[in-house]
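Colleague: When you get a sec, could you build the whole thing from the sequences and use the hints?
There are 2 protein chains.
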Amino acid sequence: MKMEVINRYITIKNHVDGASQDSDFELRSSPLVLSLEPGSDEVIVKNLYVSIYPGQLIRMKSYSSSQECSKSAAAITPGEDIDAYGVGKVVVSGNPKFGKGDIVAGLLKWGEFTVVKPGGMLNKLDPMGFPLSYHVGMLGSVSGLSGLTAYAGFFEVCKPKKGEKVFVSAALGSVGNLVGQFAKVLGCYVVGCAGSKEKVALLKEKLGFDDAFNYREEPDLESTLQRYFPDGIDIYFDNVGGHMQKAAVSNMNINGRIAVCGVISEYTDRQKRAAPSMMDVIYKRIKIQGFLAGDYLNLFGDFLSTTCDYLRTGEIQPLEDISDGVESIPSALINLFGGQNTGKKIIKVAEE
Amino acid sequence: MKMEVINRYITIKNHVDGASQDSDFELRSSPLVLSLEPGSDEVIVKNLYVSIYPGQLIRMKSYSSSQECSKSAAAITPGEDIDAYGVGKVVVSGNPKFGKGDIVAGLLKWGEFTVVKPGGMLNKLDPMGFPLSYHVGMLGSVSGLSGLTAYAGFFEVCKPKKGEKVFVSAALGSVGNLVGQFAKVLGCYVVGCAGSKEKVALLKEKLGFDDAFNYREEPDLESTLQRYFPDGIDIYFDNVGGHMQKAAVSNMNINGRIAVCGVISEYTDRQKRAAPSMMDVIYKRIKIQGFLAGDYLNLFGDFLSTTCDYLRTGEIQPLEDISDGVESIPSALINLFGGQNTGKKIIKVAEE
Chain A
1 MKMEVINRYI TIKNHVDGAS QDSDFELRSS PLVLSLEPGS DEVIVKNLYV SIYPGQLIRM
61 KSYSSSQECS KSAAAITPGE DIDAYGVGKV VVSGNPKFGK GDIVAGLLKW GEFTVVKPGG
121 MLNKLDPMGF PLSYHVGMLG SVSGLSGLTA YAGFFEVCKP KKGEKVFVSA ALGSVGNLVG
181 QFAKVLGCYV VGCAGSKEKV ALLKEKLGFD DAFNYREEPD LESTLQRYFP DGIDIYFDNV
241 GGHMQKAAVS NMNINGRIAV CGVISEYTDR QKRAAPSMMD VIYKRIKIQG FLAGDYLNLF
301 GDFLSTTCDY LRTGEIQPLE DISDGVESIP SALINLFGGQ NTGKKIIKVA EE
Chain B
1 MKMEVINRYI TIKNHVDGAS QDSDFELRSS PLVLSLEPGS DEVIVKNLYV SIYPGQLIRM
61 KSYSSSQECS KSAAAITPGE DIDAYGVGKV VVSGNPKFGK GDIVAGLLKW GEFTVVKPGG
121 MLNKLDPMGF PLSYHVGMLG SVSGLSGLTA YAGFFEVCKP KKGEKVFVSA ALGSVGNLVG
181 QFAKVLGCYV VGCAGSKEKV ALLKEKLGFD DAFNYREEPD LESTLQRYFP DGIDIYFDNV
241 GGHMQKAAVS NMNINGRIAV CGVISEYTDR QKRAAPSMMD VIYKRIKIQG FLAGDYLNLF
301 GDFLSTTCDY LRTGEIQPLE DISDGVESIP SALINLFGGQ NTGKKIIKVA EE
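Residue numbers (the UniProt record's numbering), protein chains in the order written: chain A, 1 to 352; chain B, 1 to 352.
Check before you lean on any hint, since a few could be wrong.
[To be verified] Simulated crosslink set (DSSO-like; lysine-lysine; CA at most 30 Å straight-line):
{"id": "1", "chain 1": "B", "residue 1": "Lys117", "chain 2": "B", "residue 2": "Lys348"}
{"id": "2", "chain 1": "A", "residue 1": "Lys61", "chain 2": "A", "residue 2": "Lys246"}
{"id": "3", "chain 1": "B", "residue 1": "Lys246", "chain 2": "A", "residue 2": "Lys159"}
{"id": "4", "chain 1": "A", "residue 1": "Lys159", "chain 2": "B", "residue 2": "Lys162"}
{"id": "5", "chain 1": "B", "residue 1": "Lys159", "chain 2": "A", "residue 2": "Lys246"}
{"id": "6", "chain 1": "A", "residue 1": "Lys2", "chain 2": "A", "residue 2": "Lys97"}
{"id": "7", "chain 1": "A", "residue 1": "Lys197", "chain 2": "A", "residue 2": "Lys184"}
{"id": "8", "chain 1": "A", "residue 1": "Lys46", "chain 2": "A", "residue 2": "Lys61"}
{"id": "9", "chain 1": "A", "residue 1": "Lys161", "chain 2": "B", "residue 2": "Lys159"}
{"id": "10", "chain 1": "A", "residue 1": "Lys162", "chain 2": "B", "residue 2": "Lys159"}
{"id": "11", "chain 1": "A", "residue 1": "Lys348", "chain 2": "A", "residue 2": "Lys89"}
{"id": "12", "chain 1": "B", "residue 1": "Lys246", "chain 2": "A", "residue 2": "Lys246"}
{"id": "13", "chain 1": "B", "residue 1": "Lys61", "chain 2": "B", "residue 2": "Lys46"}
{"id": "14", "chain 1": "B", "residue 1": "Lys199", "chain 2": "B", "residue 2": "Lys184"}
{"id": "15", "chain 1": "B", "residue 1": "Lys2", "chain 2": "B", "residue 2": "Lys97"}
{"id": "16", "chain 1": "A", "residue 1": "Lys206", "chain 2": "A", "residue 2": "Lys161"}
{"id": "17", "chain 1": "B", "residue 1": "Lys161", "chain 2": "A", "residue 2": "Lys159"}
{"id": "18", "chain 1": "B", "residue 1": "Lys159", "chain 2": "A", "residue 2": "Lys159"}
{"id": "19", "chain 1": "A", "residue 1": "Lys89", "chain 2": "A", "residue 2": "Lys100"}
{"id": "20", "chain 1": "A", "residue 1": "Lys246", "chain 2": "B", "residue 2": "Lys61"}
{"id": "21", "chain 1": "B", "residue 1": "Lys246", "chain 2": "A", "residue 2": "Lys61"}
[Said to hold, decoys possible] Computed from the model, here is a short list of chain A residues facing chain B with C-beta under 7 Å:
{"id": "22", "residue": "Ala275"}
{"id": "23", "residue": "Met278"}
{"id": "24", "residue": "Val281"}
{"id": "25", "residue": "Lys287"}
{"id": "26", "residue": "Gln289"}
{"id": "27", "residue": "Gly290"}
Read the hints as simulated data drawn from the structure, not as lab findings. From a predicted model like this one, the values you see are computed outputs, not experimental measurements. Glycine residues also receive a C-beta, built at the ideal position from the N, C-alpha and C atoms.
Modeller: This is the structure:
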C-alpha cells in the first residue's frame with residue numbers, strides 16, 4: 001500500500017523586480033506518494049525548518065547579473081517550487097547513505113516535503129546538543145548562510161584587531177547580530193544600528209553591543225556616526241549599502257575596511273544608491289570588499305567549533321525569529337526587507 | 001659681496017574649492033640673497049624641474065577631510081609659496097651633506113629657487129643616465145608620484161596575473177600610461193580610455209595598448225566597456241571615479257579588483273559622483289581599494305630597478321608633457337583637470 005500525502009509548497013506567480021508583496025506568491029498543493037520506485041536513489045525528506053534569506057528575492061528578479069555569478073543566486077522560475085536551506089527528517093530513502101528517521105540538512109524546498117534527487121545537497125546532521133533550528137541559521141553549512149557569512153566576513157575580510165572600532169548595520173539581522181557578538185568577544189568597540197527602539201535595547205542589553213541607534217530617528221547619518229564614533233570607524237560591516245555606506249566612509253579611519261555583505265537598500269529599490277567619496281577612499285586607503293560565504297567553506301570547521309564553544313559558554317547569544325507553517329513564508333520574506341525580523345528568520349514547517 | 005636674485009614663485013590668492021582658474025593664482029617676486037648666515041644649515045636650490053599633480057588642487061581647498069589623512073595632502077595657505085616635488089641644483093649649502101653644484105631631488109617650491117630648511121626632504125640624485133625630468137615624474141621617489149603609484153597600485157593592490165583583462169582610465173595620465181605599460185609587459189590584455197582621437201592613437205600606436213577609446217564619444221559607458229571587454233574586466237585601474245567606475249563594476253568579472261588611484265571627477269565637482277551596484281560588488285566579490293604610494297616606499301628599490309630596465313630595453317616608453325617657466329604653472333594645473341596633458345606634467349623652470 002502506498003501512503004500519499006498532500007504536499008503544500010510556496011511558489012511565485014511572476015518574477016519580482018522590486019519589493020515583493022503577498023500577491024506575488026501562491027501556496028500550492030500536490031499529492032506526493034511517500035514511497036519510491038524500485039531502483040530509485042531519491043530521498044524524500046519531511047521538512048522541519050527552512051531558511052528565509054534576502055538572496056532569495058534577488059533570485060526572483062526577471063534578470064540580475066548576480067544570477068550569473070553564483071549558483072546560490074540562480075534565477076527562480078514562476079510556478080516551480082523554490083529551494084531553500086533547511087533541516088528535515090528522512091521519510092523514505094533510496095540512497096544507502098540515508099535511512100528512515102535520519103535528521104538531515106541541505107538544500108530543501110519552501111514546502112512540507114522535499115524530494116531530493118541524486119546529487120542534491122544533503123547531509124546527515126549531528127545537532128551537537130543544539131536545537132535543530134540553529135543548524136538552519138547560525139550554524140548552517142552552506143553558502144549564503146548567516147553564521148559562516150558573519151565569521152568569514154568579519155575575520156577574513158575585515159581582519160579585525162582587538163580594540164578596533166566596529167560599526168554594524170542591520171545589526172539585528174541574521175548576520176549582523178553575530179558579527180557584533182564576534183567583535184565583542186574579540187575585544188572591539190561595537191556600535192550597531194537597527195530600525196526600532198526595541199531593537200536598540202536588545203542590541204545593548206541582550207547582545208552586549210557598546211552602543212546602538214535607531215537609524216529611522218537619524219536624519220543626518222554622517223553626524224550620527226560622528227557622534228557614536230568620535231575616534232572614527234575602523235571596520236564597517238555593511239548589510240545595507242546606500243546612504244549608510246556613504247556616511248560610514250566619511251567617518252572611517254585610515255586603513256578602514258568595509259565588508260559588503262548585503263544591500264537591503266538595493267534589493268528592492270535601485271534609486272536608493274548613494275556614492276561614497278572616492279577621495280576619502282583614496283586618502284584613507286579604504287578597502288571596500290564584496291564577499292560570499294561560499295568562498296570560505298574551508299573555514300567551516302574553525303567557524304563551527306568556535307561558535308559552538310561561544311554558544312555553550314554564553315559569550316554568544318542565539319538570536320532567532322521563527323514563524324510557523326509554510327503559509328507564513330511569503331510574509332516572512334516580505335518582512336525581511338522591512339527589517340521586521342530580529343535575528344535569523346526561520347520557518348518551522350513541522351514538529352519533529 | 002652678497003649676490004641677490006629675484007625669485008619668482010607661484011602662490012594662490014584664495015582657497016580653491018571647485019575647478020581652479022587663472023585668477024586664483026598669482027606670480028610673485030621677492031629678492032633672495034644667495035648666501036647663508038654663518039652657522040645656517042639651510043640649502044639654497046635652483047629649481048630645474050618641478051612636478052604638477054592633481055593632489056595639489058585638493059590641498060588648495062578651504063577644507064578637505066583628506067587633508068587630515070596624509071602629510072602630502074596638507075592644506076596650502078593663500079599667499080604662501082607652494083611646495084612640489086622637483087629636481088634642482090645646489091647653489092649654496094650650509095649642510096655638509098650637500099655641496100655647490102650637486103643635483104638634488106626633493107620637496108622644492110613652485111618657484112625659481114627653494115630655501116630648504118633643516119629636516120626638509122632633499123636627497124642627492126643619481127640620474128643613472130636618464131634625463132633629470134624622469135626623476136620628477138616616473139622615477140621620482142616620494143609619495144604621490146606617478147611611477148611608484150603605478151607600480152604599487154598595479155602590482156600590489158591589483159595582484160595581476162598574466163592574461164588578465166585590464167582597463168585603465170585617464171590612460172595617458174602620468175600614472176595611467178605606466179600602469180598600461182606595466183600590464184602589457186606582464187602579458188595582460190589592456191584597454192585604456194582618454195579624451196581625444198589623438199590620445200587614443202597614441203595609446204595604441206606608441207604605448208602598445210591592445211585597444212583604446214575616446215570616452216567623450218561614448219554616451220553609454222556600460223555598453224562601451226562591454227564592447228571592449230566581451231569577456232569582462234578583471235582589473236580596473238581607476239583614475240577618474242564617477243560614472244566610469246560605475247560602468248566598470250557592471251562589467252567586472254568575479255574576483256575583480258579596482259585600485260582607486262584618482263578621482264578627477266570628484267576633485268572639481270562633487271556632483272559627478274555615481275554609485276556602483278553593491279549587489280555586483282557582493283556577487284562578484286569585487287574589491288575596491290584606495291591607496292597612496294607613500295605606503296609602499298619599501299617597494300621603491302624594486303620599482304626603480306624594474307622600471308629602469310624596461311626604459312633601457314624600450315619595453316616602456318617615457319611619456320612626459322613639459323612646459324617652460326614658472327609662469328606656466330597655473331595653466332598646467334588647470335589643464336590637468338581638463339585632461340589636456342599627455343603623460344606626466346612637468347615644468348622646466350630653468351636650464352641646467
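Colleague: Going back to the hint list, which numbers does this structure go against?
Modeller: none
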